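Engineer: Single-letter residue listing:
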Amino acid sequence: MKVLVAVKRVVDYNVKVRPLADGSGVDLANVKMSINPFCEIAVEEAVRLKEKGVATEIVAVTVGAQQSQEQLRTALALGADRAILVSTDETLEPLSIAKCLKAVCDSESPDIILLGKQAIDGDNNQTGQMLAALMGIGQATFASEIVIDGDNASVTREVDGGLQTLTLPLPVMVTADLRLNEPRYASLPNIMKAKKKPLDTSTPEELGVDVTPRVTQVGVELPAERSAGIKVDDVAQLVDKLKNEAKVIS
Amino acid sequence: MSILIVAEHDNSTLNIATLNSVTAAGVIGGDVHILVAGHGCSGVADQAAAVTGVSKVLLADSASYAHSLAENVALLIAELGASYSHILATSTSNAKNIMPRAAALLDVQAISDISAVVDADTFKRPIYAGNVIATVKSTDSIKVILVRGTAFDACAADGGSASIESVTGDHDAGKSSFVSEEVAKSDRPELTAAEVVISGGRGMGSGENFALLDGIADKLGAAIGASRAAVDAGFVPNDMQVGQTGKIVAPDLYVAVGISGAIQHLAGMKDSKVIVAINKDEEAPIFSVADYGLVADLFVALPELDAAL
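Protein chains in written order, with my numbering: chain A, 688 to 937; chain B, 328 to 636.
Treat the hints as calculated values from the structure; they're not laboratory data.
Predicted, not measured: the structure shown is a model, and the values here were computed from it.
Incorrect hints may have been included.
[Unchecked claim] Pairs of lysine-lysine, BS3-like flavour, derived with a Cα cap of 30 Å:
id	chain 1	residue 1	chain 2	residue 2
1	B	Lys451	A	Lys719
2	A	Lys934	B	Lys502
3	A	Lys789	A	Lys934
4	A	Lys737	A	Lys880
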C-alpha cells in the first residue's frame, strides 16, 4: 500500500512576521523556515502506518520553490522513502497546489494521501479538501485517529463540540489534526541517510497545471494593536474593576 | 449580485453562527438566499426563512445530507452555487470541511476566514496567526468565502419572511459513511457564541484542575476553553482549544488562567472586548494584551475569585 504525504515549507511557528514597510507583502528576509507543523504530523502518521505494516512505500511531495527541498529532506529523514518537488517560483494558492498534487497522484496512484489540515502561513485550511474534490475521492479532514482495515479507512475527526467517526473506501485523502500523533525527532544517522534518498523534480508546466493565482494580495497591514492594560493587586480589585469599570460582570 | 449562504445546523435548529454570514452578505450587498441541506430539517428552513434580510430559503432534504458529509453536500453546493456571485458560510469545522471541496468543484480559489468586506471582490483576512491582515482581491466569477464569525455581528434571527423552495434531486457520492459522533454534552454556552469565556493553560497542571474553573464559569455563564499547550499536554479535549488552529472567540470577557500567551493562542482571542489574565509569571506575554492582569498563583486566585463572584 502506497502513502503519499504532502508537505509545505513555511515560516517557523516561533517567528512573529511583520509587513514590509511599503505594505506590499510580508517581510520574509532571513526568516527561519520549517516544515509546517501539521505536515510533520502527517509525515509521522505515514511512517507509523509503514511501521505497522500497513504501508509499504511513502512518497513525500511538495510544491514550491527550490529551497523546499530542505523540507522534503526533513520528511525523508523522518522516514519517507522518496520525494518529489514540483518546483515553481509562482505565488501558490491552495487550488494550484491541489492541482499539482492531483497530477502527481494520477501518476503515483497512492492508496492513502495525507496532508496537514492547515499551513500556518496562509492559514487557509483548503488544500486537502480541494485535492480530494479534484480526484473525486473521499475526504476525512482534521483527523485524530486513522485505522486502515482492508480496503477501508476508519477515521475519527475533530469537529466542533466533539468527535466524529467516518468510514471511507480507499483511496482516501486525510488531513492531520493536532492530536493524531506526536512527531518524532529525526536521528542524525537518518538525517545522513536522507541525503541519499531519491528526490525527483518536476514543474507545474510539465504536469500541465496552470498555477496563475486567482486571488491577488493587494496589501498587508498590522492588525489593530491592543494596548496593555493595568495590573491589579488582588482578586478583590479585579472583581471591582470588572464590575464598575469594564462593566462586563454584574 | 446574489449570495448563497450555506446554513449551519443540526437538522433541528439553525446554528446562530449562520447569522454572522448573513451580516457579511449584507455588507457585500445583493439578494441573500440560504441553503439548508440536511435530513428532516424543514424546521431549520422555517427558522432560516425568519432571518432578517433573507429573501429565499433553499431546502435540500435527503438522507444523503443527514450528517453533512462533505462529498455529498459539496456536490449540491457546486450545483446550486453556479448561479450565484458569492457563496458564504461561517467558518465552523463543518464549513471548513465542505466549502473548499465545493470551491474546487467550481474551479474557484476559496477565501478563508474573512474579517472584513472591502467591496464585492475584495476582502480582508488574517494570515500568519493574525499577526498580519491581508487585503485580497478575487478574480473568480464566483466567490466562495468562509466568514470569521467573530468579525461580523449576528443579524436578527427574526423579522424576515423568506419563501422556502425545495431543491429536487439528490447527491450521494458514495465516498464516505457516517459511523458515530461523540458530542460533549454541556449546559454551558458554546465557546464561539459565549459572552464570557474562561480558559486554562499549561499552568493548570492537570485535567482535574480544570474543575477549578467550573464554579466561576457557572457564576459568569461562561464557556470553558483551553490553550493548545493544555490540549497538547492531554489535560482537555481538542474541541476546547482556542487559537490559530482551534476556535476563534471574541467574547465580551475573556479570562486567561495559567496561559503564557503564545502567538498561536493570542490569534484566537485577542479580539475579545475585555481580557483578564491570571498568571504567576509577570513577564508572560499574555499581560501585553490583557486589560486587567493579576500576577498570582492560580491555585490561590481561582478559589478567591469563585468566592468573590
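Engineer: None of the hints should be skipped; say for each whether it holds.
Structural biologist: Quick rundown of the hints versus the structure:
no.	hint	result
1	Lys451/B x Lys719/A	26 Å, holds
2	Lys934/A x Lys502/B	52 Å, violated
3	Lys789/A x Lys934/A	54 Å, violated
4	Lys737/A x Lys880/A	18 Å, holds
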